[in-house]
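Using the hints, position chain B against chain A.
Chains as they are written, first to last, in our numbering: chain A, 34 to 534; chain B, 549 to 793.
Some clues are possibly wrong.
As the list claims (entries may be wrong) - Going by beta-carbon spacing under 8 Å, a handful of chain A positions derived as facing chain B:
hint : residue
1    : L131
2    : S329
3    : A333
In case anyone wonders, no lab produced these hints; they're calculated from the structure.
A quick note: this is a predicted structure, and the numbers were derived from the prediction, not measured.
All C-beta atoms in this analysis are idealised placements derived from N, C-alpha and C, irrespective of residue type, glycine included.
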Amino acid sequence: MSLDFNSPAFEVIRNEKKCIQCKVCVRQCSNKVHSYDDEDNVIYSDDIKCVNCHRCVVLCPTRALVIKKYPLEFRENANWTGAVLDEIYKQSQTGGVLLSSMGNPKSFPIYWDKMLLNASQVTNPSIDPLREPMETKVMIGRKPEKLEFDAKGKLLTKMPPQVELSVPIMFSAMSYGSISRNAHESLAKAATELGICYNTGEGGLNRDFYKYGKNTIVQVASGRFGVHKEYLNAGAAIEIKIGQGAKPGIGGHLPGRKVGEDVSATRMIPVGSDAISPAPHHDIYSIEDLRQLIFSLKEATNYGKPVFVKIAAVHNSAAIASGIVRAGADAIVIDGFRGGTGAAPTRVRDNVGIPIELALAAIDQRLREEEIRNEVSLIIAGSIRNSADVVKAVALGADAVYIGSAAVAALGCHLCRSCSTGKCNWGIATQEPELVKRLNPDIMYKRLVNLISAWNHEIQELLGGMGINAIDSLRGNRLMLRGIDLNEKELEILGIKYAGE
Amino acid sequence: MKTIDALNVYYRDLNSSIDEVVKTDKTINLKNVFGQRYIGRGLPENVKLKIYGTPGNDMAAYMDGAELEIFGNGQDAVGNTMNCGRVIVHGSCGDTLGYAMRGGEIYVEGDVGYRVGIHMKEYKEMKPIIVAGGKAGEFLGEYMAGGAIILLGLNLSKGENITGRFCGTGMHGGVIYLNGNEDKYKFGKEAVKVDITNEDILFLKKHIGFYEKTFQKDLNHLKLESFSKYAAVNKNPYSNMYCTY
Numbered sequence: 034m035s036l037d038f039n040s041p042a043f044e045v046i047r048n049e050k051k052c053i054q055c056k057v058c059v060r061q062c063s064n065k066v067h068s069y070d071d072e073d074n075v076i077y078s079d080d081i082k083c084v085n086c087h088r089c090v091v092l093c094p095t096r097a098l099v100i101k102k103y104p105l106e107f108r109e110n111a112n113w114t115g116a117v118l119d120e121i122y123k124q125s126q127t128g129g130v131l132l133s134s135m136g137n138p139k140s141f142p143i144y145w146d147k148m149l150l151n152a153s154q155v156t157n158p159s160i161d162p163l164r165e166p167m168e169t170k171v172m173i174g175r176k177p178e179k180l181e182f183d184a185k186g187k188l189l190t191k192m193p194p195q196v197e198l199s200v201p202i203m204f205s206a207m208s209y210g211s212i213s214r215n216a217h218e219s220l221a222k223a224a225t226e227l228g229i230c231y232n233t234g235e236g237g238l239n240r241d242f243y244k245y246g247k248n249t250i251v252q253v254a255s256g257r258f259g260v261h262k263e264y265l266n267a268g269a270a271i272e273i274k275i276g277q278g279a280k281p282g283i284g285g286h287l288p289g290r291k292v293g294e295d296v297s298a299t300r301m302i303p304v305g306s307d308a309i310s311p312a313p314h315h316d317i318y319s320i321e322d323l324r325q326l327i328f329s330l331k332e333a334t335n336y337g338k339p340v341f342v343k344i345a346a347v348h349n350s351a352a353i354a355s356g357i358v359r360a361g362a363d364a365i366v367i368d369g370f371r372g373g374t375g376a377a378p379t380r381v382r383d384n385v386g387i388p389i390e391l392a393l394a395a396i397d398q399r400l401r402e403e404e405i406r407n408e409v410s411l412i413i414a415g416s417i418r419n420s421a422d423v424v425k426a427v428a429l430g431a432d433a434v435y436i437g438s439a440a441v442a443a444l445g446c447h448l449c450r451s452c453s454t455g456k457c458n459w460g461i462a463t464q465e466p467e468l469v470k471r472l473n474p475d476i477m478y479k480r481l482v483n484l485i486s487a488w489n490h491e492i493q494e495l496l497g498g499m500g501i502n503a504i505d506s507l508r509g510n511r512l513m514l515r516g517i518d519l520n521e522k523e524l525e526i527l528g529i530k531y532a533g534e
Numbered sequence: 549m550k551t552i553d554a555l556n557v558y559y560r561d562l563n564s565s566i567d568e569v570v571k572t573d574k575t576i577n578l579k580n581v582f583g584q585r586y587i588g589r590g591l592p593e594n595v596k597l598k599i600y601g602t603p604g605n606d607m608a609a610y611m612d613g614a615e616l617e618i619f620g621n622g623q624d625a626v627g628n629t630m631n632c633g634r635v636i637v638h639g640s641c642g643d644t645l646g647y648a649m650r651g652g653e654i655y656v657e658g659d660v661g662y663r664v665g666i667h668m669k670e671y672k673e674m675k676p677i678i679v680a681g682g683k684a685g686e687f688l689g690e691y692m693a694g695g696a697i698i699l700l701g702l703n704l705s706k707g708e709n710i711t712g713r714f715c716g717t718g719m720h721g722g723v724i725y726l727n728g729n730e731d732k733y734k735f736g737k738e739a740v741k742v743d744i745t746n747e748d749i750l751f752l753k754k755h756i757g758f759y760e761k762t763f764q765k766d767l768n769h770l771k772l773e774s775f776s777k778y779a780a781v782n783k784n785p786y787s788n789m790y791c792t793y
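Only chain A is shown next, with the shape it has when bound in the complex:
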C-alpha cells in the first residue's frame, strides 16, 4: 500500500522531569503507544497509535502525561476541514466503510439545554425532599382504561404485567460481546441494588447472570441470538429491537474475533463466527407482523412479561409509535440520534435520525391526540446526560429513560470512541481477558449505584422545587418547561412556551 496520509489525532506529551520510567503507561496501553528503551532508560510514545482514552494519564503515578489535540493544522478552510480530509485519506487507503463508536458527536442542537424548568415561589410552595415524602418510583407497562373495584375496595381489574423501577432510569441495551462480561455484571449488580433494570442487548444472557433476572430486560433482535424459552422467561420484560438511534435502518454485526468461548455460549453460535443481525426482521414487514412477534413472545411467556418495542427516532416516529401501541406493545422505546453504539457506520450515525427531544414530544402528543397514550409506557434513550435531562424528559412525556453512555462513563469510559477496535483500556468494550479483568464488577458496580442515587436525589430536589411530590405528576406536564433560544416551530413541536410567557 502507498504512503499513509493520515497524521496523528493526538499528541502524547511526557514531562521528562516527572517521568520515573516506572513503565505503567507501557503496560497499560493496549494500543502500544508507549515503549521503553532500556539502553537509554527512556519511554517513547508513538502519537499516531493514541486514541486519547486517558488510561495512562489517570494511572501515571507522577502525573507526567498529558494528551493534547495534535497541533498540526491544515491550511484554514471552513469547508474542507482537517476532519473531512482525514476521512478521505482513510477511505482512499482502505476502501472501507467508515466505522465509528459512541453517539453522534456533531454540533447539532441539544434541546435539553434549551429547555428550562419551573420552580414554585410563594404560591404552591415547594417541597423539601429531605424531610417530606417524595415518590420517584414508576411502573412500566400497559395501563387499563379504567379500574374496577368490588364493594370492599378490592381491585377487580386484572392488571397487565408491569415492571417496577425505583427511579425512572434503566441501563440501555448493550450486548455481551459489544461490552465485556465484567461491564455486564457491573450493570446487572447495580440494577439489582438500585431496584431498576439493565438490558441484555441482543447477545443473549449468560447463564451466570440469570440470578439478576428480576432486574433484567431481555432483548430480541433480528438475529435472535441466545433467544429461547428460558431466556424469554428469565427477565422482567422483553424488548424487541427494531432500531437503534446510532444507526437507524442498520443492523448489528459483531465481528467473529469478539466471539470467544463465553460470548459464543451466550449467543449460542460457534466460536469465531460473525454475529450478524440485519436491520430488518424478515418476519416483520408491517404493524400486523409486529403484532405477531409481540404476541408470540407473550405466548411464550404466558402473558407474564411486558413487551417493549424499541425504535430509532426517525421522521415518522409518531405514526409508527401509534402502530406499535395498536400492535399490543406494553412500552415503546425511542432512541434518539445521539444514542451510543459499539460500532456504526459513521455516515449513518452522523446523518440519520432526529433528536430525541423532538421525537418524544411528537410521539407523546400524537398518542394523546389518538387517546391511546395511557395504553403504553414511553421510554426514551439517546443521550441522557444528567438528572436534569431525566426531569425534562419526564415533563415532555417520558415514563422512564435508558442511559448507556452515562453508565459506561461511570465505569471509566472516557469517550475516546474506539469501542469497535475491541482494545478498550478500561475493560468495558473489549473481550480481551487481560483488559476485561481491569474492570472489577464488585467494585465498579458501586459507581453506577452512586451515580443513580445521586441523580435520584437531584430529581427529588427538582421535583420538590416545582411543588411536585411524585414523578408521576410531572409526566407530560409541559407547563413546567419553558424554551430558550428556540424558534416558533421548535416550540410548537416541543409543545412548550417561551421563557417569559
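Chain B in isolation, oriented as in the chain A frame:
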C-alpha cells in the same frame, strides 16, 4: 391420547388448553384447526401433537423439544426461533420457515416459501435441519449461520426451478443441499458450491430416508452423489468491509 376440538376456539384459549392437557397427557390430537397461531410454542420434550386442519402463523415458535405432525399445510414462520424438537408437515409451508432455528428438524412434504431457513444457526451439538420435498422461494438460507437445508425438488413442472434467486445471501455457516444443479447467478456471493463427500451422502441418506418413511414415498431414483452442496465462503463475510475511525 387426548383430542381437542379447535373449531372456533380462539388461539389464546387453544394454546392454554394445550398447556393444561400436557400436564397429564403428553400426546394430543388437535381436530379442526383453522388458522390458530402459535400452536406448539415453547412446548418441551416428550409432547406430541397431531394437528388436523390448517394451523396459523408461528407454529412451533421457540419450541423446545416437542414433536408436531401436521396433516395439512403450514403457514408462515413455522419453527420460528425453534430450539429443538421436530415438525412434520404433510403439505406445504409458507414464508420464513425455520427463521433463526437453532436446533431440531422440520420435514415438509411439499414446497416452502420465501426466506426459508434464514438466520439458521448451530451451536455445539445443536444443528437444525430443514428438509423440503418440493421447491423453495427466493432468499433460501439468507444469513444462514449453521445447520442444513435439504431441498429435494420432487414433482417440479417442466422449466420450474428448485429455488429462487438470492440463495445463501449473507451466508456465514451451515450447508444447503439441492437436488441437481442450480445456476450460480442465483446464489449470493457469500455462498459457494463445494464438493459432496461420503459424509454428506450418509447425512442425506439418513434424512431423505426419514422423509421417505414419513411421507411414504419411494425416492430410490434420487442420485445423492449428484446433489449440489453450497456452503459459506467463510464465517466472517464482512471482515474487510470497514475501517475504524
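Taking the hints in turn, this is what the structure says about them:
{"no.": "1", "hint": "L131", "in the structure": "holds (5 Å)"}
{"no.": "2", "hint": "S329", "in the structure": "holds (5 Å)"}
{"no.": "3", "hint": "A333", "in the structure": "holds (5 Å)"}
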